[in-house]
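> One-letter residues, chain by chain:
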Amino acid sequence: MRLDSKQSEAAFLNVVKDYTIVAPTIKVGEGRFSDTDIVTYGNVESLSEIVFDGITQFSAKSVLSPIRETLFSYENNNSAKAKDVGVEMKPTIVFLRACDINSVEVLDAMFLKNGGRQDSYFSGRREHVKFFLLECQSPSASCFCVSMGTSTTKNYSVFVRKEENGYAVKINDDAFSKYFSHGTKAEIEPAFVTEDLSPLSIPDSVDNSLFNHEIWKEYSRRCIGCGRCTVSCPTCTCFTMQDVPDAEDQRKTKRQRIWSSCQIKKFSLLAGNHDFRTTNGDKMRYKVLHKIVDFKKKFGFSMCVGCGRCDQVCPEYISMSKCIEKINAISVSDGEQ
Amino acid sequence: MYNTKKLIKNAFRITKVRNETAVRLRVPGGHMDAKYLKVIQELAERFGNGTVHLTTRQGYEIPGIKMVQMDEVKQCMAEMIAGIESSCGVVLEDAVNGYPSAGTRNVSACVGNRVCRFANIDSTLLAQKIEKVIYPNDYHLKVAITGCPNDCIKAHTQDIGIIGSVMPDYNEEKCIGCEACVDNCKKKITNALSVENFKVTRDEDYCLNCGECILKCPMGAFSRGEKRYRIVIGGRTGKRNPRLANTFIKNASEEVVLGICKNVYNFMHLYIDRSLPKEHMGYIVDRAGFDVFRREVLAGVKLNPEAKVSEPLNPGYFYRRRADH
Chain A
0 MRLDSKQSEA
10 AFLNVVKDYT
20 IVAPTIKVGE
30 GRFSDTDIVT
40 YGNVESLSEI
50 VFDGITQFSA
60 KSVLSPIRET
70 LFSYENNNSA
80 KAKDVGVEMK
90 PTIVFLRACD
100 INSVEVLDAM
110 FLKNGGRQDS
120 YFSGRREHVK
130 FFLLECQSPS
140 ASCFCVSMGT
150 STTKNYSVFV
160 RKEENGYAVK
170 INDDAFSKYF
180 SHGTKAEIEP
190 AFVTEDLSPL
200 SIPDSVDNSL
210 FNHEIWKEYS
220 RRCIGCGRCT
230 VSCPTCTCFT
240 MQDVPDAEDQ
250 RKTKRQRIWS
260 SCQIKKFSLL
270 AGNHDFRTTN
280 GDKMRYKVLH
290 KIVDFKKKFG
300 FSMCVGCGRC
310 DQVCPEYISM
320 SKCIEKINAI
330 SVSDGEQ
Chain B
0 MYNTKKLIKN
10 AFRITKVRNE
20 TAVRLRVPGG
30 HMDAKYLKVI
40 QELAERFGNG
50 TVHLTTRQGY
60 EIPGIKMVQM
70 DEVKQCMAEM
80 IAGIESSCGV
90 VLEDAVNGYP
100 SAGTRNVSAC
110 VGNRVCRFAN
120 IDSTLLAQKI
130 EKVIYPNDYH
140 LKVAITGCPN
150 DCIKAHTQDI
160 GIIGSVMPDY
170 NEEKCIGCEA
180 CVDNCKKKIT
190 NALSVENFKV
200 TRDEDYCLNC
210 GECILKCPMG
220 AFSRGEKRYR
230 IVIGGRTGKR
240 NPRLANTFIK
250 NASEEVVLGI
260 CKNVYNFMHL
270 YIDRSLPKEH
280 MGYIVDRAGF
290 DVFRREVLAG
300 VKLNPEAKVS
310 EPLNPGYFYR
320 RRADH
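Going line by line, the protein sequences match chains A and B. Quick note on numbering: the first sequence equals residues 0 to 336 in numbering that gives the first Met the number 0. Quick note on numbering: the second sequence equals residues 0 to 324 in numbering that gives the first Met the number 0.
One or more of the hints may lead you astray.
[What the hints assert, rightly or not] Calculated cross-link-like contacts (lysine-lysine; reagent style DSS-like; alpha-carbon spacing at most 25 Å):
hint, chain 1, residue 1, chain 2, residue 2
1, A, Lys265, B, Lys198
2, A, Lys129, B, Lys173
3, A, Lys89, B, Lys173
4, B, Lys73, B, Lys34
5, B, Lys198, A, Lys253
Don't read these hints as lab results, they were simulated from the structure.
With the rest of the complex left out, here is chain B (with noise of 0.2 Å):
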């Protein structure tokens, strides 16, 4: 028989068949080769029934697997799989084994500044470097990287979410007053531009670094500075007490970022809910309180200078729960 622990941390399935399995390939960043398609062609029609189901997260879901196949399909998978995970930085030492956990999930991405224009980052790019720092792991932990403030991939919703920005330098010399910037950030944005003297002022507290300024101005007078992240964290959905994620950290380095990718785990580890049989890193930050999160997770975490860090999280939505009776 099959021990379902072991098989859930190898990214197979418990599914309503019995017997029957679906095993999830990660893709992280969400941004892969397109020869790979060969092979989950293969593995859905030599294995599964045919069929693939695109996950929320960005991967590979192949339904309809018989579970005495497994060795088979992990035969099949293993250059794939280690291909794809070495090329962020991962060894995976026995690929024939399949994944060797299942907790920490695909780190998915926006198209980023590959295709888009709105993007202020490489989002897949960040997202393979996560990858690298966080996998594998078994503690369940949702992170997605989002190439600018629009937030496309739904960062808020994630334990982590990563908003790639950017500091946007001012060439006042270059500026011809059209007001293009002030009148975009006005209506579309956080208002956070304004004209003194027939130059531009930017409100560093209210600007969110989205770039737009930028590309709306015709002069170049705006122009990229150093990308920074808009760390968001404790977002989730589910059953209990659904919440959309809170800045953490606005204008973070990508080692600050990457460093606390890395510290998040230790943070769990030492005050998760054993008793579940998972619990999302937001609700260990609800009991364990937001300045312990913050100790935790910025523990040898050098901060950049225009990182700032922001205050507590926000309560988020409950379902209407009936009285203990």
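Bound-form chain A, shown alone (with noise of 0.2 Å):
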């Protein structure tokens, strides 16, 4: 379907009327740097909103894993008396591009398969979502999707591509149909990355001598561990628990499932005070081989969707992509022995 800027609009305020859009946006003057913007996900109510190109500072996942997310409360220290806080979201649209809806096969797998039992308060966002396609016409700087076979995706309801006049959509979605029928008939198929910048093989399997390795010494170094690469990453899903005391009322009290991350402080600190992962190589080392390896031993498919944030947000520079072509090289010259 083709559809003018008016029709577009127009079809998209009634989608609205029914979802919660969340989307690529432009946020000004919300940079951490003065006087700066940046792109991420937020809530839109129009197409306009939206920003069709480039990668977003963070990712999507705090739809369906919030930052702070309450489960239950109690009054009175009295926690066998917990009040389930319960799941209330809207239907919700997200536009993802083809690695972030891949992302969520990852977030599927950590919170629906993972350990027996399912996670009721992702179950119950996770039904409420549904995917809007944006395409990718190049690959960017940093990305590698087609690298981790992420770079092509069928499951979205609609595909959506921003013209000079208008939008072109495809529907995949009965659902959506009713909402777009104002258009002009036509023939769209969203376009797929089909080759990264720099392609990457990913090892099958690691050497265990690659865990004491001159290599994390160099991240040592460089990583500051402020944990950028791991709180934009789409399918780092790890979390704390907390319980927090109502600032008002001192007798309730909430539990919080709140994100953390490997790369964050006190995250492998143990009663007695052991830590043993204390170097931030040694952290690196745990985040890169877990998206690549060992993540891929239980689920059969990498955590890492090869989107390329890590990369954007690091303040020390420091890529993934890298660091896989480093492991590569260490596992070949170990082969080759």
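Need the complex rebuilt from these two chains, each delivered in its own frame; the hints are there to steer you.
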């Protein structure tokens, strides 16, 4: 379907009535540095607010796994009488690129297929969420989705392309046909990236000798352990649990699930002050190997989807893809010996 | 012969060599179009000795100019000085006659948020706005703008120093409690942050509004609110009583900054010691008293709600002075 600007916005207004829309959008003046903007996910109410180019600073994972999610609350320190907060969520559409749609499979694996029990908070949100596809006409400098096998997808309700005089849409899910009935018929197919700018090969497994390799010492010197890579990552799902007293009424307490990550202080701190991953190089190793090797051993596919966000947000210019290249170089030279 | 007073007022210098001068060119905010470098080069090579001095206040000084050539020099630099001043909103009515005054020194600035990650403000832009308010003026006044409390421009050594700051907005919903902001503030700044009930609290009395918490937060839970300015006053170097400036107003709005810069001339006019060839603002404050200074510079200035006026100045550092004999 092809819709001119007016038709598209009118159609979108009807979608907005039924759905919360989360999409890449520009937040003016909200950048970390003075007088800078950021492109990141946010609620939008018109198509014109959506940014169709580039990588967002954060992923959209907070839609499915909120940064701070209250699970239940209790009073007078009596958790036996806990009150389930439950999940209340309006049906939501999230605009995602192919890599990010594939990243939801990782979230599904972690929250629904991990440990033999589904996470009801996650599934309560998941069933309310539909995906609209954003295409990639060309790869960006830091992404490597083709190498990760995440460059294409069929798992979307509607594909939307911004054109000069309007929008082109492809509808995969009949539930959305009614919104876009006013356009002219046209066969629309999304573009997917077919070749990364820097193609990578991903090792099937790594030797345990990699554990103490020199390359991690270099990351200990470079990495500052800020956690930007993991909080921007669409597939990092680690969280911590906190019982947070109500600010107004100290008798009331809510149990919150709060994002955490392997890069963040105290993540691996145990009782008795034992911490088994103290250097930033060790944390980098843990993260990278989980992303490309360890998760795959359990679920059969890589955790990393090659979206390139971690490269884009690292203040020290540390690159995930360069790290994978280094691991490859070590594996190859080991194999030759 | 030459009238040295007029010549000095015209931004030329009386140098060691008789009949030889040097001219100083203002660059408010220390940032200008690169095209003017050609003019600097021409001035130095046609009239000077082929060298250029980068002044401590971020202007250009062209040494080795023959005094007889001053009119030609002014002709040559007219377009540049009029162009630079008009970009600040200052109209030089007769640019071929050179600068109308040199008492109020070039308003210098750090590179600011045009380049630097730490900067909370466009230092150059504010310097240019201040230039519009205070230039031309014969009173000797040194003003400098710096983008953050790192104070790279050394605003603490100026009569009036402006330090860019920011009101941090904290969104608890985005905070993951990683404590990166708290640790950094404790180690590097004033320990103004703490964690209570899994959220960060900020002690405004101690907060410098430096913006480091915003820079450190991986989540954007701290974000940029209004731009504000710390005004420090009475800083100086010199032979009598050097002093680092004290905070006069914390978290002032831009309007307050510009109002004070304007009013300070009235204060100087009323209380300056006219027996001296020139007197720094800080010495006038010392003599007239902090309360008088505060009254005069805040006359007609509406303080924004967050602005906080501080206490009197420190005595500074005295060179050992021999008793009268």
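> Taking the numbered hints from earlier one at a time, note which ones the structure violates and give those numbers from smallest to largest.
none
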